[in-house]
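Undergrad: Chains A and B, in that order, are what the protein sequence lines are.
Residue 49 in our numbering sits at position 49 of the first sequence; the count goes up by one each step and never skips.
In our numbering, each number is its position in the second sequence, counted from 1, plus 100.
Simulated from the structure, these hints should not be mistaken for laboratory data.
One should not assume that every hint holds.
[Said to hold, decoys possible] Taking CB as the label site, the calculated pair distances span: (1) Leu8/A to Ala764/B: 33 to 41 angstroms; (2) Val769/B to Leu8/A: 16 to 24 angstroms; (3) Leu736/B to Asn27/A: 40 to 48 angstroms; (4) Asn27/A to Ala767/B: 22 to 30 angstroms; (5) Thr30/A to Leu736/B: 56 to 64 angstroms; (6) Ile80/A to Arg734/B: 32 to 40 angstroms.
Every residue gets a Cβ at the ideal spot worked out from N, C-alpha and C, and that includes glycine.
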Amino acid sequence: MVPIAYYLILAAVLFCIGIGSFLIKRNIITIFMSIELMLNAVNLTFVAFAHQWKLVHGQIFVFFVMVVAAAEAAVGLAIIIAIFRARQTLNVDQINLMKN
Amino acid sequence: MSPQYLWFIPLLPFLGFLVNGTVGRRLPRAAVAGVALLFTGLSAALVAWLWATMKAAGAPLSMSVASRPWISVPGFHVDFAFSVDHLTLIMLGVVTGVGFLIHLYSVGYMAHEEGYWRFFAYLNLFMFFMLVLVLAESFLLLFVGWEGVGLASYLLIGFYFTKDSASNAGKKAFVVNRIGDFGFLLAMFLTIAHFGTLSFSSVFAQITAQPELHGGFLTAIALLLVLGAAGKSAQIPLYVWLPDAMEGPTPVSALIHAATMVTAGIYMVARSHVLFDRSPLALSIVAVIGAATAIFAACIGMVQNDIKRVLAYSTVSQLGYMFMGCGVAAYSAAVFHLMTHAFFKALLFLAAGSVIHALSGEQDMRVMGGLRKRIPVTFWTMTIAVFAIAGFPPFAGFFSKDEILYQTFAWHNPLAKLLWAVGLLTAAMTSFYMFRLWYKTFFGAERFSEHTDAHGHNDHAPIHARKDTTLVMEAEHDSGQATHAHGVHESPWIMLAPLCVLAVLAAVGGWVGIPEALGGHNEIQHFLDPVFAVTAHAENVANVDEVSHSLELGLAAVSVLAALFGLFLADFFYRRKPGTLGAMSANSGLYRVVANKFYVDELYHFAIVKPLEYGSRFLLENVVERGVVSGSARALAFITRGGSNLTQRMQSGNIRSYAGWLAAGAAVVLFIMAVTSLHLR
Numbered sequence: 001m002v003p004i005a006y007y008l009i010l011a012a013v014l015f016c017i018g019i020g021s022f023l024i025k026r027n028i029i030t031i032f033m034s035i036e037l038m039l040n041a042v043n044l045t046f047v048a049f050a051h052q053w054k055l056v057h058g059q060i061f062v063f064f065v066m067v068v069a070a071a072e073a074a075v076g077l078a079i080i081i082a083i084f085r086a087r088q089t090l091n092v093d094q095i096n097l098m099k100n
Numbered sequence: 101m102s103p104q105y106l107w108f109i110p111l112l113p114f115l116g117f118l119v120n121g122t123v124g125r126r127l128p129r130a131a132v133a134g135v136a137l138l139f140t141g142l143s144a145a146l147v148a149w150l151w152a153t154m155k156a157a158g159a160p161l162s163m164s165v166a167s168r169p170w171i172s173v174p175g176f177h178v179d180f181a182f183s184v185d186h187l188t189l190i191m192l193g194v195v196t197g198v199g200f201l202i203h204l205y206s207v208g209y210m211a212h213e214e215g216y217w218r219f220f221a222y223l224n225l226f227m228f229f230m231l232v233l234v235l236a237e238s239f240l241l242l243f244v245g246w247e248g249v250g251l252a253s254y255l256l257i258g259f260y261f262t263k264d265s266a267s268n269a270g271k272k273a274f275v276v277n278r279i280g281d282f283g284f285l286l287a288m289f290l291t292i293a294h295f296g297t298l299s300f301s302s303v304f305a306q307i308t309a310q311p312e313l314h315g316g317f318l319t320a321i322a323l324l325l326v327l328g329a330a331g332k333s334a335q336i337p338l339y340v341w342l343p344d345a346m347e348g349p350t351p352v353s354a355l356i357h358a359a360t361m362v363t364a365g366i367y368m369v370a371r372s373h374v375l376f377d378r379s380p381l382a383l384s385i386v387a388v389i390g391a392a393t394a395i396f397a398a399c400i401g402m403v404q405n406d407i408k409r410v411l412a413y414s415t416v417s418q419l420g421y422m423f424m425g426c427g428v429a430a431y432s433a434a435v436f437h438l439m440t441h442a443f444f445k446a447l448l449f450l451a452a453g454s455v456i457h458a459l460s461g462e463q464d465m466r467v468m469g470g471l472r473k474r475i476p477v478t479f480w481t482m483t484i485a486v487f488a489i490a491g492f493p494p495f496a497g498f499f500s501k502d503e504i505l506y507q508t509f510a511w512h513n514p515l516a517k518l519l520w521a522v523g524l525l526t527a528a529m530t531s532f533y534m535f536r537l538w539y540k541t542f543f544g545a546e547r548f549s550e551h552t553d554a555h556g557h558n559d560h561a562p563i564h565a566r567k568d569t570t571l572v573m574e575a576e577h578d579s580g581q582a583t584h585a586h587g588v589h590e591s592p593w594i595m596l597a598p599l600c601v602l603a604v605l606a607a608v609g610g611w612v613g614i615p616e617a618l619g620g621h622n623e624i625q626h627f628l629d630p631v632f633a634v635t636a637h638a639e640n641v642a643n644v645d646e647v648s649h650s651l652e653l654g655l656a657a658v659s660v661l662a663a664l665f666g667l668f669l670a671d672f673f674y675r676r677k678p679g680t681l682g683a684m685s686a687n688s689g690l691y692r693v694v695a696n697k698f699y700v701d702e703l704y705h706f707a708i709v710k711p712l713e714y715g716s717r718f719l720l721e722n723v724v725e726r727g728v729v730s731g732s733a734r735a736l737a738f739i740t741r742g743g744s745n746l747t748q749r750m751q752s753g754n755i756r757s758y759a760g761w762l763a764a765g766a767a768v769v770l771f772i773m774a775v776t777s778l779h780l781r
């Protein structure tokens, strides 16, 4: 049996990659993908603990997160398309309309 | 009459105030007057009923209605309660009776004025507060009425509010009265501290129960009360507001500044006589203040040229008499004079108002004269009032004034004879200035006809209360037309009727107090005995009995002689040799000092107003206002602005920097959690 620490380390690494790319990347779609990465890191943690403690709660949470992530992806992509149509760019540094 | 009905006596005028104050603007004038008269009249009828029941009830004539507790905290309790005894009954009679007559008069007098509804609303409001004042069973409720009449007085003095002098006079009255009220408040605090209550009955019961209590804090309370009374009743040093209060309409001067409100101070001193009887020092001070005010105001009154100002100083002077009466513990004499004064001084003011009305707003006596034939009813009623105030028997003023002078003479104090002499001199001066007014107004050449048009340019006249207001422009115009058409005209019956009733009262009102020396029974004193007998008579009147009736007769004769002397002087200078006195006095420095009211207003201005103004300007404005108040506001603004300058940099609009802050925050939270959880282990 794989020790839980391995799962957690993997999840932490995934999460940090998510955060890092979220902070660095300019392309809005990449940012979006890094969010998904962070969510899946969390999912992995949930599943790992559920397996460890033989409890089903964690797995149920994962389903909720997946559903919410799917909904978010739908809405988010729609917004991205709308922004692209309006601005002809996906660079977040050029979409700071609320500033000033 | 059940005590519960007592509530209605003040509430009815209040209802009139509410009606006229809210919808009066839209009502026709007749309806406004009807409402005001109805509620005041009902209140007067209730008082008459009360009088009848109490008369029928027999000896222990007092009635009180206590309602639920008003303020109740540990160590202090006061009920919202009214009570009636003989003193209250006299005050109630004066307030509602004279008040109703003056309401009636106002219907005619104010007929052409703007703000008719406002006037009657204020007048009813005044009645409400005055009745609360006299019915109150505690210092606190009395104070409510006390402040309320001050408010009504302020509103009515400044009735012609578009005129600077009127609104200033209103403010002056209010501010000067506040000084007195300050004393009253302190007196109440001391009373609470020592007696734990403000109810008259329990405070006085506690004092009576402790015969060893003398002087000390009682003197302090009494003197502070005197300060309050001096403010309200226009005594030295706070009398300065009353002459200026003549800016108000004449019926207001009659009701508030002659007959009722200004007597509140005397009422209050008489009401707390139990307190004052224990403090001979306070009583002496009251007597001295009264005598000083009486002669001082009479001096000024002798040289005034404005008819209402003469009467105003005369009021101050007569109030001084009442104060003197209180000071020599002759409370019933003071209340007696209060009552007769209400009659004849209200009559004098109303008659003066009728004269002013006849001359379309002229108040300067130098441009009157010869009005005897033109306005006969006014002339005859005023004549009665003049004889009454001058102290000629058998008119009302003679008996009451004489009673005060007699009691002063008989007072057990080294000052007694001196005060009596001052009182006597004042009586002669009173007679002089009243007959001066009488002669100048009603006798001699008719000086008004050629002035009627020009007096607006006469800059010697101190005030033209109703001249230069835009409010009354239309009224002026109307009556001006009337003057040109009919000349000087007698007032309508609705103004003359109250004059006639008051004239009867001024003539016979003193007969209730004919002293035994003159074959009377001094009924008013016996009537008031249950109120004042408790201590006053036990301690002071015993001494009075030593003075024989023949002495009383002699004193009466002397005061009549003094009045005759005043009449003779006035007759000489203003009828037989008019102008001689003017020629004699025109260049004299003394005349100028007196004509300028001894420069007291100027003295107050430089001694009190200026330093206060200076303090406000330089200390309060520059240091406190600029430094502390706006300084702290500026500091606060500076800190906020600086802080937001710093923090607004976070709001870059760059989504990745937001994400960075978010991540940093999450990291900090995680770090703290990790550290604390390690710590807990």
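Undergrad: The structure should be examined with respect to each hint, and the outcome stated for every one.
TA: Here is what the structure says about each hint:
{"no.": "1", "hint": "Leu8/A to Ala764/B: 33 to 41 angstroms", "verdict": "violated, 22 angstroms"}
{"no.": "2", "hint": "Val769/B to Leu8/A: 16 to 24 angstroms", "verdict": "holds, 19 angstroms"}
{"no.": "3", "hint": "Leu736/B to Asn27/A: 40 to 48 angstroms", "verdict": "holds, 45 angstroms"}
{"no.": "4", "hint": "Asn27/A to Ala767/B: 22 to 30 angstroms", "verdict": "holds, 25 angstroms"}
{"no.": "5", "hint": "Thr30/A to Leu736/B: 56 to 64 angstroms", "verdict": "violated, 46 angstroms"}
{"no.": "6", "hint": "Ile80/A to Arg734/B: 32 to 40 angstroms", "verdict": "violated, 48 angstroms"}
In the structure shown, a violation is registered for the earlier hints numbered 1, 5, 6, in ascending order.
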